[in-house]
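S.K.: Sequence:
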Amino acid sequence: RRGSPSASSREVVMSGALWQGTAYDRRWSLPSLKTFVSILIAPQYVMRWIGASPHLTHLHMINLPLHYLPSALSAAPSLANLTSLGCILLTTDDSDWQPLLSVLETKGAIGRNGRIDTLGVYFAVEGMEPDG
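Residue numbers (my numbering): 8 to 139.
Misleading hints may appear alongside valid ones.
Label-pair distances were calculated between CB atoms; the ranges are [as the list claims (entries may be wrong)]:
1) Q51 <-> S109: 33 to 43 Å
2) N120 <-> A49: 29 to 39 Å
3) I46 <-> P106: 21 to 31 Å
4) S102 <-> S39: 35 to 45 Å
5) W104 <-> I69: 16 to 26 Å
6) Q51 <-> A87: 29 to 39 Å
7) P72 <-> T113: 14 to 24 Å
Source of the hints: derived by calculation from the structure; they are not laboratory data.
Ideal Cβ positions, reconstructed from N, Cα and C, are used throughout, including at glycine.
Use the sequences and the hints to build the structure in full.
M.R.: In structure tokens:
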């Protein structure tokens, strides 16, 4: 469908090449969008969708590696309304988490006024020997 999305859009679930570049190609503002779920899209597209959605409460990104997540989240005008962040691929090396935590704190998602009450995480466990 051509044109901008309805002003009443509250949730976007994306997969497939057609919708991946939609926000990248258009300068949308999605002030009423509350939920964003992405399935295997390029980080620059995630950044555009997040950047156009200042009032996100739930963000769920499947298989977005940890090193892309801080850049994607830093595109948000604010994350102060974020209450749920899902499916973060984290490593077992906690030093890799610092850029993510820094962006979440800077954007208001964690810290004194943070509102995140649900965090969905899966780990990429490194350096573990399988039981033999």
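S.K.: Against this structure, judge whether each hint is valid.
M.R.: To see whether the hints hold, each was checked on the structure:
1. Q51 <-> S109: 33 to 43 Å: violated (21 Å)
2. N120 <-> A49: 29 to 39 Å: holds (32 Å)
3. I46 <-> P106: 21 to 31 Å: Since the Cβ atoms of I46 and P106 sit about 23 Å apart, the hinted range of 21 to 31 Å holds.
4. S102 <-> S39: 35 to 45 Å: holds (38 Å)
5. W104 <-> I69: 16 to 26 Å: holds (19 Å)
6. Q51 <-> A87: 29 to 39 Å: This hint is violated: roughly 24 Å between Cβ atoms.
7. P72 <-> T113: 14 to 24 Å: Given about 20 Å between the Cβ atoms, the range holds.
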